[in-house]
Amino acid sequence: MNGVGDIRSCDMPCSSSAPANNVPAPVRKRRFSSAKIQPTRVKKVMQSDEEIGRMVASVPVAIGRAMEHFAEKLLEA
Numbered sequence: 001m002n003g004v005g006d007i008r009s010c011d012m013p014c015s016s017s018a019p020a021n022n023v024p025a026p027v028r029k030r031r032f033s034s035a036k037i038q039p040t041r042v043k044k045v046m047q048s049d050e051e052i053g054r055m056v057a058s059v060p061v062a063i064g065r066a067m068e069h070f071a072e073k074l075l076e077a
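If you count by full-length UniProt numbering, then the sequence shown holds residues 1 to 77, one letter each, in order.
Since the hints were derived computationally from the structure, they do not count as laboratory data.
It should be emphasised that the depicted structure is a prediction, and the values quoted were computed from it without experimental measurement.
Heads up, a few of these hints could be off.
Listed below are the simulated BS3-like cross-link pairs for lysine-lysine, each with C-alpha atoms no more than 27 Å apart in a straight line [stated by the list, open to error]: (1) K73 x K43; (2) K44 x K73; (3) K36 x K73.
Simulated restraints on C-beta separations [claimed, not checked]: (4) D49 x F70: 18 to 26 Å; (5) H69 x N22: 41 to 49 Å; (6) E51 x P24: 44 to 52 Å; (7) S48 x L74: 17 to 25 Å; (8) E76 x P24: 38 to 46 Å; (9) V45 x L74: 14 to 22 Å; (10) K44 x V23: 34 to 42 Å.
C-beta atoms are modelled at their ideal positions from N, C-alpha and C, and glycine is treated no differently.
From just these sequences and the hints, can you work out the full model?
So this is what it looks like as structure tokens:
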């Protein structure tokens, strides 16, 4: 044969996307794993107001952290 369809001619697996060193891919952590108040819920509440338009993804995170800080300070008093 000419080697095009010959299975015996290739020493490695034919899939080119397989890594050569067999190291598993790193597991992605959740983006906001330490947040007690979920940014998605904050965003839903903020978007329920007609005056609030589009916002950067970091805004609900910052608002959530500020709410957590406020709740901690309120409970300390």
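The hints, checked one at a time:
no., hint, result
1, K73 x K43, "23 Å, holds"
2, K44 x K73, "25 Å, holds"
3, K36 x K73, "15 Å, holds"
4, D49 x F70: 18 to 26 Å, "19 Å, holds"
5, H69 x N22: 41 to 49 Å, "45 Å, holds"
6, E51 x P24: 44 to 52 Å, "47 Å, holds"
7, S48 x L74: 17 to 25 Å, "23 Å, holds"
8, E76 x P24: 38 to 46 Å, "44 Å, holds"
9, V45 x L74: 14 to 22 Å, "19 Å, holds"
10, K44 x V23: 34 to 42 Å, "39 Å, holds"
Hint violations for this structure: none, all hints satisfied.
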